[in-house]
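Trainee: So the chains spell out like this:
2 protein chains.
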Amino acid sequence: MNTPFSLPPKVLAFDVFGTVVDWHSGIAREVQALRPAVDGDAFALAWRSGYQPAMRRVMSGELGWTLIDDLHRLILDGLVARFGLEDLSEAEMQHLNTAWHRLDPWPDVVQGLARLKTRHVICTLSNGNIGLLTHMAKHGGLPWDCILSAEVFRAYKPDPATYLGAAKVFGVDPERVMLVAAHQDDLAAARACGLQTAYIERPAEFGADNLKDVSPCPANTRHARDFLALAGQLGC
Amino acid sequence: MNTPFSLPPKVLAFDVFGTVVDWHSGIAREVQALRPAVDGDAFALAWRSGYQPAMRRVMSGELGWTLIDDLHRLILDGLVARFGLEDLSEAEMQHLNTAWHRLDPWPDVVQGLARLKTRHVICTLSNGNIGLLTHMAKHGGLPWDCILSAEVFRAYKPDPATYLGAAKVFGVDPERVMLVAAHQDDLAAARACGLQTAYIERPAEFGADNLKDVSPCPANTRHARDFLALAGQLGC
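So the protein lines, in turn, are chains G and Z.
Sequential numbering of the first sequence, starting at 308, is according to our numbering.
Sequential numbering of the second sequence, starting at 308, is according to our numbering.
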């Protein structure tokens, strides 16, 4: 763990859903605001679980290039019957679909990003579309230097085009970019492209009743409890 | 002038070179810092005048897709003999080429953007590449919500793909986007795509000795002396 690299990263590229924002409680809260009887926890988990399969349909060529806002709607439409949401109006469905734009950051995030920004370029590297990520940043006060998205590269993570694309955008070698994420698979894919990696513990990503394993993986450059701890490790 | 639109803009998309930052004095200063004998004014005008022809070579297909950083270098290489810069080292040439990353904003910009950001999404819509615009924002403290660039759309302004692309990214109709620029041709192209337009006076864009015409054009939605005046007009 915390393998020393010869050179510090110039760019910190952040995974967003789960790493920066708490999607589980945000989605649960928004569906319950519309229909209090719905099991918000189960609904949030079901919506999120449709995410990877939907992106695979795009990357396999079954679907054309599709923004995450539209994939979210596709998945949501498929959950209506199961969760008894048939009576939602189209306006309510559209509002619910943009709940992903209004997710709150974890408590350490705004202060942590402000510290990290003093010595690094900080950007998103998310499969979320640019508009979604911009609205989320305004909602949560996230001080990104730049919003990078799958939409820029027309490929979703873990496609190498995304990790290598981030390095290319800033004109640096891949080892000068550090991916910051709460997901070991995302970090492993970035590492395979030569990026540095930082794992962030988000034990309650799937809800407080469903804690996930946040054990360190020795292959990561850094392992930090949260963004404040990462800032401390990087001397910010 | 100041044609009333039924709906206020949601997104303000800003041209950057000349509108947000003072390229003329920045480029003149940087070349003179390296070689004091060079006529900084003439050098800045010559470098900038290569910009439109270089982009036309890309859009005509003569050159493949090229980032502005690379077009800037191409133009710079062509100016070396004329301005007696043959003795610059490769490191000095690279440093000079990134002078565009270090341009200072006009004095009203940071405060004006902060006010406009309170009620609108504020983003760049520039032919400059994402890395250049990100470094410039960090250098000048520009509080963009999002950095949009020709690089995202793989087309340079005035291609309609850029203006319409900005509306699409944020999921709004073109008339809810206002292009803010100090150039009537840029604004005319945006208007042809259905965007609102705001002209900003930057009389000294080409240097204090070479003042440009900043007369209002009645076709623009807004005409403002600077960003603070625009903020006032938009109630920010």
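Hints may be right or wrong, so weigh each one.
Pairs involving identical chains hold if they fit within one copy or between any two copies, as the list cannot separate such chains.
Stated by the list, open to error - The calculated SDA-like cross-link candidates involving lysine to any residue, where the alpha carbons are at most 20 Å apart (straight line), are:
1) Lys445 / Gln418
2) Lys445 / Ala474
3) Lys317 / Ala398
4) Lys317 / His402
Because the hints were derived from the structure by calculation, they are not lab data.
Trainee: Each hint: holds or not?
Mentor: Hints, verified against the model:
1. Lys445 / Gln418: So Lys445 and Gln418 pass the 20 Å test inside a copy (15 Å) and across (18 Å) alike.
2. Lys445 / Ala474: between (25 Å within a copy, 17 Å between copies)
3. Lys317 / Ala398: Cα proximity of Lys317 and Ala398: across copies only (19 Å, versus 43 Å in one copy).
4. Lys317 / His402: So Lys317 and His402 pass the 20 Å test across copies only (17 Å; inside, 38 Å).
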